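For the protein sequence lines, the chains are V and G, in the order given. Following the numbering used here, the numbering of the first sequence begins with 1 at its first residue and continues without gaps. Following the numbering used here, the numbering of the second sequence begins with 1001 at its first residue and continues without gaps.
Watch out, some of these pointers could steer you wrong.
Said to hold, decoys possible - Heads up, simulated SDA-like pairs for lysine to any residue below, C-alpha to C-alpha not over 20 Å straight-line:
id, chain 1, residue 1, chain 2, residue 2
1, G, K1203, V, C246
2, V, K384, G, L1226
3, V, K446, G, R1212
4, V, K446, G, E1077
5, V, K376, G, R1038
6, V, K81, V, N106
Hints were generated in silico from the structure; no laboratory data involved. Remember, predicted model here, so these are calculated numbers, not experimental data.
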Amino acid sequence: MEEAILSCKNLSLKLGGISIFENISLTLHRGELHLLMGENGTGKTSLVNILSGIYPFPLYTGDIHYKGHPLRLHMPKDAIKQHIVTIHQDIALFERMTIAENLYANLPETIPVKSTMSLSKKIKMADLFFHEHGLMIDSSRLICHCSSTTQRTIELLKLYLMKPDLLILDEPIAVINSRHLDIFLQLIAYLKKGGTTILCIAHDYQAFLPLIDHFSIFQGKCLAHTINRSDYSLENVENILKNDFCQSKYPKINIKKGAEVLCAENLCMKDTLKDISFTLQKGEILGFYGRAGSGKNALPKALFGIEPISHGSLYIDRLPARIASPQDAINLGLAYITDERYSYGLFHNLDSLENVFSIKKNRHGRFWTRTGFEFKQYLSYAEKMNLRVPPKINPQYLSGGQQQKLILMRWLMSPAKIFIFNEPTQSLDIPSKIDIYNLFNDLIMKGCSILIFSSNLEELMGVCDRIIYISHGVITGETCYGENVKYVKNLI
Amino acid sequence: MLPIKRLEEIKQVLTEKKQADVPSLAQLLDVTEATIRRDLEKLENEQFLTRTHGGAVLNEPAHANISLFQLPEEHNEIFQNIGQIAAQFVQNNDVIFLGPGISSRFIVRQLQNKINVTLITTDLMVAHDCSAYSPNISVILTGGSLNPTTLELSGQMTTNSLNNFYFNTSFFDIDGITFNRGYSVSSLNKAFLIQNVNQISQKSFALCPYNRFGRESSAVVGDINLFQSVITNEHLEDSFKEYYFQQKIQVFATFNV
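Bound conformation, chain G alone:
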């Protein structure tokens, strides 16, 4: 095995396990322990790891970078089910838009089997998850100014670049729905973005877990009849189900029995 290849292997083991000891690395790569020690020294000079007695530990900064993209633990199952249903509406050869939010991050995890799909998003986290879980999808990020806490893009540049597209399907993560104020989201930028993209999409879906129904968020997107399809989960309140059905709006409630 070439030394460069060996270094790659050691890096991979360390990224996965965060730490490694010299004897097991030697056994794994089929070289002497002295060779491993020399390799580790090289990698320490690259500041990839810190050598310790009998082994090495992965350096923290690289680790911290990943945590920004980590998902909050709560309600994962609900979002997963919503993502699964939403992924059914992505056809091969589609151009789709995924709005910022956690629901979108779960949709891109279900797209491995799609062919020739182009994804446009303003959320860096969605883009990250897409390349991590569904590398077959080609991702296009819009320009714009970056919000450092949510990693979302917004602004005039975003609007300009979005206007170059026409979307087959768009998915929007909605933060609150009431009968009176309709759909609302947490920031004015996001509301403006959704209104804009909704107009240039063939089909739009509102994604909203049941506990956001009956709640209001700060910026209004549009009234309750704005979207023709809503994806939520099974515990949605009866009054909403009844209203939507009478208004001829599709309601997907993600049962997963």
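Just chain V, same shape as in the assembly:
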């Protein structure tokens, strides 16, 4: 317990000229569970990326000592060689391989399972392995056919085989259900007993509170506090977290709400959403808060007709609406600004101008011609949106903020009245964020309504009139602007 396995001193990271965090010092002892907390965007995941070799050595400044020697990782494989294993926020398995193959892939060299072993033998061994842990998993299935809960469980079970010295978990239980949570807790207890040090990032830490030895709290680019288990009290931690919560810095205007423009009744989607009902008024900003896997990503897609709704009804302007495809949604005046801006929001083979006019083309069904009128319109919108992007440039060269504005511009030119944003400010720099918030204001002043789906609670509390909380596919609560932060925390 006393022996320090990893110590970081004055760690600083700058990416693209923006400082991610500054002067972080952190010490981990052998066999402890260290919990890392803090709001989104304070640099927790970046720290994980350094310790797992994703951000290689010269990118950051400062010293890391691991087992008494300086640690310099140049790629993720180096970390595995040093018995540092990371479970990332997003699942990292080979989708087109079987469960068994995934289980025995990328193991450290000390473990006597050869990657050249035949598939049938791997499946046999894997079945035996799952049986040992009391699980009924068919290990010959492909990963892409498993639910995200099973995928995460497989990632976690793999740790039994790897026996890491340092384990880093980034939101490990955000996507798993309660039955698999037990497996996770058993795993943590088992690994701790074996002397593994665990660094864990989790918002929802209540589940494994008894196992935690230290808390560290990130606050505004620095590691603000480290608390011992013995000094811990719920209020203590809540207070520290609450201080960082600031609603008033978000530019929000209050305008008079109008008639109901969108109403959803008992929306269901096969095993991801259940009984979702809500209404949206004209000029209202309605937020949806949920973690990854809570159904927060599925709902906007269902509303926009990207994924099918299995049950339930939708009303737009009090008329029943059937949305079977995005084209239906566009015709009904909906706009969807995706979180996966680059992969789904923009056409890579078209330049900025063509991207902006890509809906118009569909609506009029005419052949693509670049008229002077469109050129002029693009330039005038770009000027008004403070977007300095020439119309000829390919969107792949644009920053996140510029891409987001480009997608938004496309919808602003259409007659859309209901804007659905999924993670509107994810990975944007601060000036772009401020522009996006103010564009929300402009939209509602023009009589539009906005739905925001986000996992950034502070931001939602700053800009939304109402927030609906989703967890495991169902609505768990609702708050209005300005309601007590502590009350909100209890709801989550």
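Since the structure of chain V is already known, use the hints to place chain G on it.
Here is chain G on its own, set in the frame of chain V:
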């Protein structure tokens, strides 16, 4: 139609069109041309107009009075957008203060729908625009000595009468903002006024078009963290946006797409 009523009508037509001819006035008011000529003669005696062959022209002095209150043409759109956002923060039943400056004149143009709002100002032009565009607002002017070029009130009397109020919301037109010197305005009187009113206001807003950021004016109002909210427009420099956000200060950038 009574003769007095007819004279009123003719006055109105002339104020709008600056000139009028006898036949069209006769047709408009449904009387003979001779009657109109007599009316015009009466109005000429009042020195309201000058008769010409076949009609009348509005006298210039009245016209010149209006021009003092006319707005400069430049940047109108920027101020209009700022005024529109600022007007959103005026609630019914509020007591508000509008500092001297062009931004304030654009705020009062957006207040037609507010109920029972009391406006206190030291700028005669703001008061004029308010009665012209939003007559539903009750306007209170402070006392004080008048600056003949800017039509702003200042001095001990101004301070004394302002101290009688507590404002729900105050808006200040700021002339320059830099990181080093903070907020500054063009005269010492104005700076003193803003400091004073800021202390007796529940919520204060700094109004500042983007091109005044990074510029300094002669009199310092206070450092850059003085106001909790800033209303500007979309072309604000990134360094200011970033600074304000980190300092937890609201920045409204008026997009109007």
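How the hints compare with the structure:
no., hint, result
1, K1203(G) to C246(V), "holds (17 Å)"
2, K384(V) to L1226(G), "violated (29 Å)"
3, K446(V) to R1212(G), "violated (27 Å)"
4, K446(V) to E1077(G), "holds (17 Å)"
5, K376(V) to R1038(G), "violated (57 Å)"
6, K81(V) to N106(V), "holds (10 Å)"
Consistency note: the structure conflicts with the earlier hints numbered 2, 3 and 5.
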